[in-house]
Amino acid sequence: KQEVTQIPAALSVPEGENLVLNCSFTDSAIYNLQWFRQDPGKGLTSLLLIQSSQREQTSGRLNASLDKSSGRSTLYIAASQPGDSATYLCAVSRSGGGADGLTFGKGTHLIIQP
Amino acid sequence: AAGVIQSPRHLIKEKRETATLKCYPIPRHDTVYWYQQGPGQDPQFLISFYEKMQSDKGSIPDRFSAQQFSDYHSELNMSSLELGDSALYFCASSPRLAPLDDSSYNEQFFGPGTRLTVL
Numbered sequence: 130k131q132e133v134t135q136i137p138a139a140l141s142v143p144e145g146e147n148l149v150l151n152c153s154f155t156d157s158a159i160y161n162l163q164w165f166r167q168d169p170g171k172g173l174t175s176l177l178l179i180q181s182s183q184r185e186q187t188s189g190r191l192n193a194s195l196d197k198s199s200g201r202s203t204l205y206i207a208a209s210q211p212g213d214s215a216t217y218l219c220a221v222s223r224s225g226g227g228a229d230g231l232t233f234g235k236g237t238h239l240i241i242q243p
Numbered sequence: 015a016a017g018v019i020q021s022p023r024h025l026i027k028e029k030r031e032t033a034t035l036k037c038y039p040i041p042r043h044d045t046v047y048w049y050q051q052g053p054g055q056d057p058q059f060l061i062s063f064y065e066k067m068q069s070d071k072g073s074i075p076d077r078f079s080a081q082q083f084s085d086y087h088s089e090l091n092m093s094s095l096e097l098g099d100s101a102l103y104f105c106a107s108s109p110r111l112a113p114l115d116d117s118s119y120n121e122q123f124f125g126p127g128t129r130l131t132v133l
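Protein chains in written order, with the numbering used here: chain A, 130 to 243; chain B, 15 to 133.
None of these hints come from the bench; they were simulated from the model.
Quantities reported herein were computed from a predicted structural model and do not represent experimental measurements.
A hint or two may mislead.
Unchecked claim - Some, not all, of what chain B presents toward chain A, calculated at C-beta under 10 Å:
id	residue
1	A16
2	S21
3	S69
4	D70
5	F83
6	S93
7	S100
8	F104
What the hints assert, rightly or not - Here are the computed lysine-lysine pairs in the PhoX-like style, where the Cα-Cα straight-line distance is at most 25 Å:
id	chain 1	residue 1	chain 2	residue 2
9	A	K171	A	K197
10	A	K130	B	K71
11	B	K36	B	K66
12	B	K36	B	K71
13	A	K130	A	K197
14	A	K235	A	K171
15	B	K29	A	K235
16	B	K71	A	K235
17	A	K130	A	K235
18	A	K171	B	K27
Think of the CB as a built atom: it goes at the ideal place given N, C-alpha and C, for glycine as much as any other residue.
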């Protein structure tokens with residue numbers, strides 16, 4: 130059974146710092162990996178999607194990398210801002226594509242101090 | 015841009031009652047997924063549909079059922095509600111299956127959720 134782990138569980142940093150969130154998964158037979166942002170009591174906003182054949186994806190100040198063979202992904206946030214404060218979730222889709230459900234990690238709760 | 019629509023946004027039910035949650039996917043998305051997120055928990059996949067047929071099944075209780083209709087909207091039917099069913103229920107949709115070289119292939123977009131409270 131696929132298990133997804135996110136480290137750290139919580140992180141508090143001053144505004145302007147660059148930071149890295151980590152995600153690991155036990156079964157490397159994934160189809161893709163998605164990073165989401167969730168504000169308290171709200172829905173999930175897709176940040177980046179990395180296909181299993183890709184190594185990284187970038188969107189603005191966000192960069193996500195994927196090392197499928199070692200079962201790891203990182204989300205890099207540059208020049209953090211207070212508006213980045215949220216819970217960041219990593220999720221993987223198992224191999225086979227189609228309409229497979231995602232397996233989520235428990236998230237990293239991020240606080241950016243003004 | 016149009017997003018996934020879920021209704022109702024909030025629902026309060028008594029134990030043993032039934033509930034129906036509705037999901038309207040993003041236009042031209044033909045795949046729908048349902049997730050349950052308990053308080054302080056990560057989302058758990060329940061079930062998915064592609065072209066009106068069940069595609070994948072997760073930890074959906076036998077008391078729950080779902081279907082996708084000809085206009086691609088989906089409904090999650092929940093019976094004999096229990097206190098433990100209180101949670102946020104998310105629907106997600108993804109675009110029509112694309113060639114494997116499409117970088118957005120199978121990206122899931124989530125709705126705002128339905129908060130179900132069982133008393």
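Quiz item: Where does the structure disagree with the numbered hints, that is, which hint numbers, in rising order?
Solution: 1, 2, 5, 6, 7, 9 and 15
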